[in-house]
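Here is how the chains run, residue by residue.
Number of protein chains: 2
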Amino acid sequence: MRQSKLFTKTKKEVPTDEVSKNAELLIRGGFIYKEMAGVYSYLPLGLRVIKKIENIIREEMNAIDGQEITMTALQERETWEPTNQWSDEQVDVWFKTKLKNETELGLAVTHEAPITKIMKSFIQSYRDLPKFVYQFQTKFRNEIRAKSGIMRTREFVMKDLYSFCRDEKEHNEFYEKSKIAYQNIFKRTGIGHITYLTFASGGMFSKFSHEFQTITSTGEDTIYVDGSKGIAVNKEVYNDEVIESLGLSKENLVENRAVEVGNIFTLGTRFSDALELKYQTETGEFKSVFMGSYGIGPGRLMGTVVEALADDKGIIWPLSIAPFTVHLLVLGDEDSVRIEADKVYEKLLKADVEVLFDDRKEISAGEKFADADLLGMPYRVVVSTRSIKDGGVEVKKRNEPARPHDGLGAGGEKGKVISVEELLKLLKP
Amino acid sequence: MRQSKLFTKTKKEVPTDEVSKNAELLIRGGFIYKEMAGVYSYLPLGLRVIKKIENIIREEMNAIDGQEITMTALQERETWEPTNQWSDEQVDVWFKTKLKNETELGLAVTHEAPITKIMKSFIQSYRDLPKFVYQFQTKFRNEIRAKSGIMRTREFVMKDLYSFCRDEKEHNEFYEKSKIAYQNIFKRTGIGHITYLTFASGGMFSKFSHEFQTITSTGEDTIYVDGSKGIAVNKEVYNDEVIESLGLSKENLVENRAVEVGNIFTLGTRFSDALELKYQTETGEFKSVFMGSYGIGPGRLMGTVVEALADDKGIIWPLSIAPFTVHLLVLGDEDSVRIEADKVYEKLLKADVEVLFDDRKEISAGEKFADADLLGMPYRVVVSTRSIKDGGVEVKKRNEPARPHDGLGAGGEKGKVISVEELLKLLKP
Numbered sequence: 067m068r069q070s071k072l073f074t075k076t077k078k079e080v081p082t083d084e085v086s087k088n089a090e091l092l093i094r095g096g097f098i099y100k101e102m103a104g105v106y107s108y109l110p111l112g113l114r115v116i117k118k119i120e121n122i123i124r125e126e127m128n129a130i131d132g133q134e135i136t137m138t139a140l141q142e143r144e145t146w147e148p149t150n151q152w153s154d155e156q157v158d159v160w161f162k163t164k165l166k167n168e169t170e171l172g173l174a175v176t177h178e179a180p181i182t183k184i185m186k187s188f189i190q191s192y193r194d195l196p197k198f199v200y201q202f203q204t205k206f207r208n209e210i211r212a213k214s215g216i217m218r219t220r221e222f223v224m225k226d227l228y229s230f231c232r233d234e235k236e237h238n239e240f241y242e243k244s245k246i247a248y249q250n251i252f253k254r255t256g257i258g259h260i261t262y263l264t265f266a267s268g269g270m271f272s273k274f275s276h277e278f279q280t281i282t283s284t285g286e287d288t289i290y291v292d293g294s295k296g297i298a299v300n301k302e303v304y305n306d307e308v309i310e311s312l313g314l315s316k317e318n319l320v321e322n323r324a325v326e327v328g329n330i331f332t333l334g335t336r337f338s339d340a341l342e343l344k345y346q347t348e349t350g351e352f353k354s355v356f357m358g359s360y361g362i363g364p365g366r367l368m369g370t371v372v373e374a375l376a377d378d379k380g381i382i383w384p385l386s387i388a389p390f391t392v393h394l395l396v397l398g399d400e401d402s403v404r405i406e407a408d409k410v411y412e413k414l415l416k417a418d419v420e421v422l423f424d425d426r427k428e429i430s431a432g433e434k435f436a437d438a439d440l441l442g443m444p445y446r447v448v449v450s451t452r453s454i455k456d457g458g459v460e461v462k463k464r465n466e467p468a469r470p471h472d473g474l475g476a477g478g479e480k481g482k483v484i485s486v487e488e489l490l491k492l493l494k495p
Numbered sequence: 067m068r069q070s071k072l073f074t075k076t077k078k079e080v081p082t083d084e085v086s087k088n089a090e091l092l093i094r095g096g097f098i099y100k101e102m103a104g105v106y107s108y109l110p111l112g113l114r115v116i117k118k119i120e121n122i123i124r125e126e127m128n129a130i131d132g133q134e135i136t137m138t139a140l141q142e143r144e145t146w147e148p149t150n151q152w153s154d155e156q157v158d159v160w161f162k163t164k165l166k167n168e169t170e171l172g173l174a175v176t177h178e179a180p181i182t183k184i185m186k187s188f189i190q191s192y193r194d195l196p197k198f199v200y201q202f203q204t205k206f207r208n209e210i211r212a213k214s215g216i217m218r219t220r221e222f223v224m225k226d227l228y229s230f231c232r233d234e235k236e237h238n239e240f241y242e243k244s245k246i247a248y249q250n251i252f253k254r255t256g257i258g259h260i261t262y263l264t265f266a267s268g269g270m271f272s273k274f275s276h277e278f279q280t281i282t283s284t285g286e287d288t289i290y291v292d293g294s295k296g297i298a299v300n301k302e303v304y305n306d307e308v309i310e311s312l313g314l315s316k317e318n319l320v321e322n323r324a325v326e327v328g329n330i331f332t333l334g335t336r337f338s339d340a341l342e343l344k345y346q347t348e349t350g351e352f353k354s355v356f357m358g359s360y361g362i363g364p365g366r367l368m369g370t371v372v373e374a375l376a377d378d379k380g381i382i383w384p385l386s387i388a389p390f391t392v393h394l395l396v397l398g399d400e401d402s403v404r405i406e407a408d409k410v411y412e413k414l415l416k417a418d419v420e421v422l423f424d425d426r427k428e429i430s431a432g433e434k435f436a437d438a439d440l441l442g443m444p445y446r447v448v449v450s451t452r453s454i455k456d457g458g459v460e461v462k463k464r465n466e467p468a469r470p471h472d473g474l475g476a477g478g479e480k481g482k483v484i485s486v487e488e489l490l491k492l493l494k495p
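Sequences listed follow chains A and B, in order. Quick note on our numbering: the first sequence kicks off at 67 and runs consecutively. Quick note on our numbering: the second sequence kicks off at 67 and runs consecutively.
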């Protein structure tokens with residue numbers, strides 16, 4: 067895409083009430099727009115990241131036999147009362163609203179109860195199990211404070227999967243598969259090396275659960291990491307009994323700040339008992355379905371990537387979720403340079419490389435370099451009189467350590483000059 | 067996908083309060099689930115249709131330089147008051163809710179005002195125009211009655227595009243392009259031949275507008291169609307003056323019931339004046355941006371396809387938006403037949419054909435045929451002892467007229483027996 071056509075622009079300032087690094091960088095880069103505290107629109111560059119994250123999650127959910135649906139935000143009292151989740155005393159983040167006839171509705175904070183109700187239409191026999199159902203759907207949560215940028219918001223898309231099994235044994239098999247799927251997701255989105263399977267409390271639904279926690283200095287949670295085993299314990303359940311039961315020892319556990327990027331819960335029969343989701347066994351008895359739930363917020367994952375990987379110049383996107391693979395910069399407004407840059411752009415497009423082409427005129431090299439650093443595409447490719455003289459384009463990876471400054475202004479560390487053909491080989495090996 | 071693994075099942079009954087054909091067939095087929103009146107979840111088969119419709123719309127919007135974003139449902143009073151759209155007297159379909167601190171919020175019924183506010187951050191100069199921005203996003207509308215299935219709901223995804231131009235002339239150029247993009251969308255989704263560009267009133271935003279109306283006997287609107295010119299007039303503006311101004315004459319206009327599947331509005335400067343979205347011209351003056359808005363509801367389009375194309379046995383999906391291209395049926399539970407059917411399934415998958423494989427056991431041929439007719443995939447492919455004896459698979463198009471009944475039960479009209487290789491040539495020419 068030509069940057070001159072992109073409707074967003076980078077900014078020097080952010081709203082004064084933004085204190086989080088992710089919101090600051092994402093707003094300055096034009097990835098998101100703040101509607102109000104805890105409510106953000108996703109602009110073209112931001113939506114491209116979200117869609118790539120969603121597609122990675124979707125592939126991993128399909129690989130473990132997930133079937134995709136979408137449920138609704140509007141919810142009736144009748145669905146939620148059997149599990150004691152309707153009143154504001156029981157669930158304190160409801161947004162409630164009303165039909166014209168004064169019937170009270172809620173905006174779903176999660177979907178355990180609604181999916182259980184749906185499955186009552188389709189599960190009757192042991193032959194109908196197991197089943198795994200997921201969605202990408204907007205949740206609404208009436209948070210008192212919302213100061214963490216896109217990490218904790220009042221309106222956000224969540225991937226939530228629900229599992230329906232005959233018994234605990236069948237459930238446990240899927241639960242273990244889901245762990246691996248989740249680990250694949252974090253690896254593929256570029257935070258696998260700093261994300262730990264973490265033993266945690268069960269929250270609303272069960273005694274214990276597993277979280278996936280990504281280490282960042284600004285994280286809301288405290289975890290104790292055993293680096294050699296690749297697992298961690300959340301502070302909330304960090305006690306001698308738990309440590310011992312997990313086969314860990316205190317001296318190997320290191321305290322870290324972290325962000326929860328995913329969680330998986332064993333629900334058991336809490337929802338199926340309350341909402342009467344039963345199936346008939348091979349011997350003719352009726353048994354409650356054994357359930358689990360599995361969440362990831364693509365927006366929170368995106369914010370975590372920004373917080374964890376950014377440097378002091380801006381965002382650093384992993385290749386798999388970058389809005390574009392290449393940020394192509396043309397320096398100078400001379401016709402000869404612009405014609406050459408246009409050719410490079412066309413060649414990259416033809417090779418199916420995703421390119422953001424900074425073809426803007428009357429913008430200094432320094433400004434273009436600074437924008438490229440802020441926006442964080444994995445490869446910066448420069449076409450200039452000098453690169454042409456040297457026989458190609460100047461390539462620099464965003465996550466490479468800076469080279470000696472060459473006087474081109476902020477962000478202008480030198481890259482390596484290679485031919486366009488070599489560039490294509492580098493990008494499409 | 068193997069139908070034995072699909073979590074949904076077809077049903078004989080529908081909720082007693084459903085009066086619309088689209089809801090009846092879609093619920094019976096397991097495409098959608100009714101949460102409450104006017105609020106539907108999309109189950110795997112239904113979501114596949116929606117995603118295909120969305121992708122066709124997305125391609126056409128990108129082709130006219132649309133840039134995709136997503137805005138938020140939660141909305142503040144401050145955004146809507148300048149255009150007199152906040153109070154329930156002014157907009158009578160609001161769902162309102164509250165933050166913990168009692169601040170009133172609304173759930174967006176449309177997004178003209180929010181996008182205008184966003185564009186204030188990015189449009190300053192004539193160089194920044196024109197720009198075209200769109201989204202697929204959930205709207206909430208507090209309809210008093212909701213009895214039209216997925217055609218008029220209280221919660222639905224809409225594709226809404228907004229155009230930002232320097233002046234009316236630049237706007238008109240885009241407006242004409244948008245008409246063609248819309249016509250492409252309706253052609254590609256299989257209702258082009260019964261969908262008419264229709265002159266209509268401007269509703270909330272302007273004096274006149276254009277709708278795209280699809281002829282169905284159950285439509286909410288009345289239109290007058292000039293078949294030879296391919297255009298129509300909505301009853302609400304059907305008078306001598308309008309007919310003459312459009313170069314039509316009464317004797318060529320035929321009254322029809324129709325459903326509005328899309329609309330395009332010239333907004334002019336109503337929103338940009340009220341919210342002060344201005345740009346500086348080449349001569350240094352400040353002018354209000356000239357706007358338009360362009361809507362299509364993928365759910366309503368899906369419902370319209372069902373209403374307009376279904377027959378008395380069930381749904382007939384156009385190839386482009388069918389959940390699967392082929393419904394493969396294995397008849398009989400003998401090993402030899404099932405092994406052959408598995409082979410056909412694998413061959414189709416290998417050739418990238420989308421197949422729903424009815425591999426369910428202990429289901430009669432009649433039930434399988436009836437389900438295939440209800441679910442409406444474009445090609446029904448049967449593997450049976452007889453088809454194997456005749457050297458292949460029995461193929462029948464869902465929209466072909468019925469052939470003489472062969473005693474296999476409801477829906478069992480004969481197809482043509484061809485080899486799997488011929489089938490692949492037919493499907494992937």
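Note that these hints are calculated values from the structure, not bench results. Don't take each hint at face value.
Which copy is meant is left open, so a pair is good if it fits within one copy or across any two.
[Unchecked claim] Subject to a maximum C-alpha distance of 27 Å in a straight line, what follows is the list of computed DSS-like cross-link-like pairs (lysine-lysine):
| hint | residue 1 | residue 2 |
| --- | --- | --- |
| 1 | K379 | K463 |
| 2 | K235 | K186 |
| 3 | K235 | K427 |
| 4 | K186 | K71 |
| 5 | K75 | K455 |
| 6 | K295 | K353 |
| 7 | K164 | K301 |
| 8 | K205 | K117 |
| 9 | K245 | K166 |
| 10 | K162 | K344 |
| 11 | K427 | K295 |
| 12 | K427 | K162 |
| 13 | K197 | K71 |
| 14 | K295 | K235 |
| 15 | K427 | K482 |
| 16 | K245 | K162 |
| 17 | K463 | K117 |
In this text, all values refer to a predicted model and were calculated from it rather than measured experimentally.
Verification of the supplied hints:
no.: 1; hint: K379 x K463; result: within (14 Å within a copy, 59 Å between copies)
no.: 2; hint: K235 x K186; result: within (22 Å within a copy, 57 Å between copies)
no.: 3; hint: K235 x K427; result: between (64 Å within a copy, 26 Å between copies)
no.: 4; hint: K186 x K71; result: between (50 Å within a copy, 16 Å between copies)
no.: 5; hint: K75 x K455; result: neither (31 Å within a copy, 67 Å between copies)
no.: 6; hint: K295 x K353; result: neither (38 Å within a copy, 64 Å between copies)
no.: 7; hint: K164 x K301; result: neither (40 Å within a copy, 33 Å between copies)
no.: 8; hint: K205 x K117; result: both (17 Å within a copy, 20 Å between copies)
no.: 9; hint: K245 x K166; result: neither (44 Å within a copy, 36 Å between copies)
no.: 10; hint: K162 x K344; result: neither (30 Å within a copy, 37 Å between copies)
no.: 11; hint: K427 x K295; result: neither (53 Å within a copy, 46 Å between copies)
no.: 12; hint: K427 x K162; result: neither (50 Å within a copy, 46 Å between copies)
no.: 13; hint: K197 x K71; result: between (46 Å within a copy, 8 Å between copies)
no.: 14; hint: K295 x K235; result: within (25 Å within a copy, 66 Å between copies)
no.: 15; hint: K427 x K482; result: within (24 Å within a copy, 63 Å between copies)
no.: 16; hint: K245 x K162; result: neither (34 Å within a copy, 39 Å between copies)
no.: 17; hint: K463 x K117; result: within (23 Å within a copy, 35 Å between copies)
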